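> As a plain string of letters, each chain reads:
There are 4 protein chains.
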Amino acid sequence: MAKHMEKHMEKNMIKVGIVGGTGYTGVELLRLLAQHPEVELTAITSRKEAGMPVAEMFPSLRGRVDLAFSTPDDAPLRQCDVVFFATPNGVAMGQTRALLDAGVKVIDLAADFRIQDIGVWSKWYGMEHACPDLVAEAVYGLPEINRAAVKGARLIANPGCYPTAVQLGFLPLLEAGLIDTNSLIADCKSGVSGAGRKAEVGALFAEAADNFKAYAVAGHRHQPEIRQGLTHMAGQDCNLTFVPHLTPLIRGIHATLYAKLTQDVDLQALFEKRYAGEYFVDVLPAGAHPETRSVRASNICRIAVHRPQGGDTVVILSVIDNLVKGAAGQAVQNMNVLFGLEESLGLTQIPVMP
Amino acid sequence: MAKHMEKHMEKNMIKVGIVGGTGYTGVELLRLLAQHPEVELTAITSRKEAGMPVAEMFPSLRGRVDLAFSTPDDAPLRQCDVVFFATPNGVAMGQTRALLDAGVKVIDLAADFRIQDIGVWSKWYGMEHACPDLVAEAVYGLPEINRAAVKGARLIANPGCYPTAVQLGFLPLLEAGLIDTNSLIADCKSGVSGAGRKAEVGALFAEAADNFKAYAVAGHRHQPEIRQGLTHMAGQDCNLTFVPHLTPLIRGIHATLYAKLTQDVDLQALFEKRYAGEYFVDVLPAGAHPETRSVRASNICRIAVHRPQGGDTVVILSVIDNLVKGAAGQAVQNMNVLFGLEESLGLTQIPVMP
Amino acid sequence: MAKHMEKHMEKNMIKVGIVGGTGYTGVELLRLLAQHPEVELTAITSRKEAGMPVAEMFPSLRGRVDLAFSTPDDAPLRQCDVVFFATPNGVAMGQTRALLDAGVKVIDLAADFRIQDIGVWSKWYGMEHACPDLVAEAVYGLPEINRAAVKGARLIANPGCYPTAVQLGFLPLLEAGLIDTNSLIADCKSGVSGAGRKAEVGALFAEAADNFKAYAVAGHRHQPEIRQGLTHMAGQDCNLTFVPHLTPLIRGIHATLYAKLTQDVDLQALFEKRYAGEYFVDVLPAGAHPETRSVRASNICRIAVHRPQGGDTVVILSVIDNLVKGAAGQAVQNMNVLFGLEESLGLTQIPVMP
Amino acid sequence: MAKHMEKHMEKNMIKVGIVGGTGYTGVELLRLLAQHPEVELTAITSRKEAGMPVAEMFPSLRGRVDLAFSTPDDAPLRQCDVVFFATPNGVAMGQTRALLDAGVKVIDLAADFRIQDIGVWSKWYGMEHACPDLVAEAVYGLPEINRAAVKGARLIANPGCYPTAVQLGFLPLLEAGLIDTNSLIADCKSGVSGAGRKAEVGALFAEAADNFKAYAVAGHRHQPEIRQGLTHMAGQDCNLTFVPHLTPLIRGIHATLYAKLTQDVDLQALFEKRYAGEYFVDVLPAGAHPETRSVRASNICRIAVHRPQGGDTVVILSVIDNLVKGAAGQAVQNMNVLFGLEESLGLTQIPVMP
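Protein chains in written order, with this note's numbering: chain A, 1 to 354; chain B, 1 to 354; chain C, 1 to 354; chain D, 1 to 354.
It cannot be assumed that every hint is accurate.
Pairs count within a copy or across copies, as identical chains cannot be separated in the list.
SDA-like cross-link-like pairs, simulated, lysine to any residue; straight-line CA separation at most 25 Å [unchecked claim]: (1) K260 to Q228; (2) K15 to P88; (3) K123 to G311; (4) K123 to P308; (5) K15 to E49; (6) K151 to V135; (7) K123 to Q309; (8) K198 to M57; (9) K260 to Q236.
No wet-lab data here; the hints were simulated from the structure. What you are looking at is a predicted structure, and each value in this text was computed from that prediction instead of being measured.
Could you put together the complete structure from these sequences and hints?
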């Protein structure tokens, strides 16, 4: 196999570090960043796998990523322009301040900086927060809502996968004040990669294949994150019933959203107008049903809006790839905004179908 | 391969005919009936495959079903005690009267006799009804609601798959008058066998695998059937938003149901009490989430009831195997009731897991 | 849910114990034994899950298995008539002697007693053997070859999944001395449940779904077991290249076997004659291709034999359900033989299709 | 959704037409060509779907492909620089001469020009060949073998999917004359997209999921194509047993190849040396097992070579994505060679994992 032609190094590339690159969001970051024309992959850490070439763990990257995992201590993270945390919850908050102090931008793909109410965060994530002041500073990185804030940020809280699909689905209606905020329902279905690359019985093929189930109906960590976002959009408290389900997909989230309309409105026009300028949000024609595979391996969110039998219940269908727009892709999108690049740079892959 | 020991024929077996045995509900009927201790498979028809041994089309039945397909004209259907129609919609209504007149009981697994309002039926199924008087006579075969009526019937309308899962889920609440009947939501997910064994692009493996989508959000034929059932239970008109989804399962339906509670009540006790005497409905402990595989290849419906964060939204999770409790198994259950047999006879297979 | 009718206890049921019931072979034993008309489930052990009702871990067994897991010390194993070991390799050999001494029959579903050459066993399984004398006594439980020996045995070594499919495929040819024993090839494909219910990254849904790979090409533990069996059939040393693959099935093994014919022969007749009296081996018509799903959840092995373009290479296709004929079902078949019952008792489930 | 930035049109783009764009190889060509920096998609035909925007049939292409299907008569195919045929067998041979006469290069993804022996072709494809002289002229487009000939060709016969995986696996051994050409075995496993996007029962999700089977063991059309290629490499007649299997993957082919070594040799060094300069063939380290997902959605073939237990049987494992290196990607690779572009241009997508 001939080596991939090196990117030209004379120009000023963005030096990127990744902390925790052995999970699915880590390898997806690598896939996207290795193809990004303005990025130089500088370091990737894994305490456990230090010394192992990344492409040995992930053969899909052979010939394309030459880095080996290094320990967090040895990795030149402070020489990076930006560091992505693709770590379990609670890791980024311990290392972020030092990086920020060294002038490094931080994008956390975990939940450490997503929820502004520290008490709520602690309750759902089961730990004390190490740096509430940085939470206050962090910008919630959903560019379709927060683009301007992202641009000037040092620290980005990259949204969760469910929260991305749900918030983009409700956004036009809540901004326009057209639905009852007291009875929102998000019935969400996720592929199994959303559970991460941890060895757990429930995520085994023989458990998850040919099987469908709801989980965490009593309460899921993404519920307060979504509720915070919806409340922000609506300008008033939103009440959300959120039911996540596990479905035998590798990648993909399908959110089916229900709300009561409080006014009559041309829903199709509303959605199309709201997202007309957004590269990564595609409003389907009236009557359509987005499929998860229509966004597979791409950073796109596709949305359709329905009003069954002309009643007062609006049904929104919103699909993303949980590892791309729901994680690594959105993180790269945020990086592009942060560094003043074209927002779609390195993210124009066409979805893989079938 | 040694032949399976023949059932003893000296006793008075129920002579069974199947019209249209080449689809998934047909082969599932064969699987169940070939193991039923009181049944003698007498005829199975398929105009297209007449002459072909059933076990040649379905090798899973080799050594267990000796019948060959015959044409409807040649098949000794009038000598049967009961005939199952596993045909496309519109077939059974053309042949039922003659069978009834010959003293044969009829169980229709299609939709011909499910909806009492002939106008509604014609609108959704796109044809004139051939025998409205028989619709009026037909009994809707959900034994958990209609057992007594089934017992004395000549003609059973076997419920649809979605309608079975949804009705059993809402039943205790509607009977007890505990929820707002104006804003019921049924977010349902079905495996691909629900689409039948017809060659259609949308049901191809390369289309349906690793993919999730909603369909027919504007309107689905099962909506009026469910609504009729819910209205009957509630004693008042019910308004239902029904959104079906296709998920990469072979078998299985998961219904996630949402309603507004109008009174405080011990939901767990309510459900357990309602289904205490039902062999085929299993109410899971509080906090549980039923999986579709926990009922795979069995006639059981498992249900859990939740009240997230103690709010006024009740969430019911209801799973069935669409080919068994959602079709062939329920049809055999109805047959057992009709002929005065133990209701679970021939239907005690333990679900196949994993 | 109404309780399943209890089996009548007045007759002399076989008291059965299971050691290690939390894996897939364990739960499959439970599925089969709970439906077996002559079995009384007496004890099931799991040190880790002691106290937990079996049906809480496996909801598919709700209402059908009332046992809870107990510790090996507390379980009344010595009061059983037969004990099945569904444990990791190396466990059964430590507990078998005491059970045999107490007059209990033992059927080991792991590999402890499968290989007669203790040195070979130790090399492949990486441990010393605790009781070589019991290996010498143990009977290899492939009833289609060893029925008579099984009948009189105290200790059965239940064959591995791959070995079952491969040996039944080669058997007629080797017994008849019709193929070159120097160049046998077994290209085998297994579903993921074959890897067990252990939490391992490689068996995760997101790793194993939509993926196909060979593994252990340099050497797999089942190779010496198969080779021993083939050599025994042939009466001379057999040389086998064995390549296992992982395929995205839950259940199922497909063995594709290649050999050089040394004589001209009517292959179809040979196979049909050899298996004419075998309840669980089904020789398909000439030209057929068995599908794994045609034996799903059943104890059947289906075989087809081909001679492409009339050349001297014979191709045998052999399919089983790895958890049934490849593990739990075959163990129950052995139990039936041991106790003088009809060999198919409790094992007549029709395969689940689709 | 903001429109994708148009490629700059001032430079001299290659004008491309596609005949028959509604199948999986068609949509895959579109995915690759829409991202190719030197290509201008000019026409895509489908008699049946004429007038329908391509992105309406394939929503994954929304915002990226603006073309609509046109009839073959209306499409400006003769103004193209190159036309790809992604049609059923027998279509390209009827239209190729006119295109060649108009100075258009033709790349046929079907089988019309793959087999030089017209009699063999007619036997396997069941029709008379329309233009044997063009078969004689056509170049078999496996660039790793035929690069020089491809460069000067007018007409390329793009190899089949199985033939690509098998030929690249055997190539180093046959070129070097190291194996017995009389007993080659190719045990191949394909994903279901290989069956095309035709509505056929056997390719339904409920038939192909959780199922594994061999097919066409008596004879498959790719056997003579592979044999022709192997014979050409070896310089002597090769005898091949080819057994294809269907496995529940969307994309992917895994070829497991068996041969007898006639000489001792450093297999790893042989393979590495042969493919050192090939961008799209990756020889894995000794002892490795390539996974189909490690090449998913990419044009790479990954190969590992084994010699189990040091015997004289060599086992080669070769994986490709059947729709990319096995069809559309290889066609684009051939186009790049034909037009003097860098061979990997537009084909550097990193495989999608997981």
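> Take the hints in turn and mark each one as holding or not.
So, going through the hints one by one against the coordinates:
1. Taking CA atoms no more than 25 Å apart as the test, K260 paired with Q228 passes in both settings, with 20 Å inside one copy and 23 Å between copies.
2. In the homo-oligomer, the alpha carbons of K15 and P88 lie at most 25 Å apart inside one protomer (23 Å), although the nearest pairing across protomers, at 48 Å, exceeds that limit.
3. For the identical chains of this complex, K123 and G311 are inter-copy neighbours only, at 19 Å across copies versus 39 Å inside a copy, given an alpha-carbon limit of 25 Å.
4. For the homomeric pair K123 and P308, the shortest alpha-carbon distance between copies (16 Å) is at most 25 Å, but the shortest distance inside one copy (38 Å) is not.
5. Only within a single protomer do K15 and E49 lie at most 25 Å apart by alpha-carbon distance; the minimum there is 22 Å, versus 48 Å between protomers.
6. For the identical chains of this complex, K151 and V135 are intra-copy neighbours only, at 17 Å inside a copy versus 59 Å across copies, given an alpha-carbon limit of 25 Å.
7. Taking CA atoms no more than 25 Å apart as the test, K123 paired with Q309 passes between copies only; the shortest distance there is 14 Å, against 41 Å inside one copy.
8. For the identical chains of this complex, K198 and M57 are neighbours both inside a copy (14 Å) and across copies (21 Å), given an alpha-carbon limit of 25 Å.
9. In the homo-oligomer, the alpha carbons of K260 and Q236 lie at most 25 Å apart both inside one protomer (16 Å) and across protomers (22 Å), since each shortest distance falls under that limit.
The structure meets every hint from the earlier list without exception.
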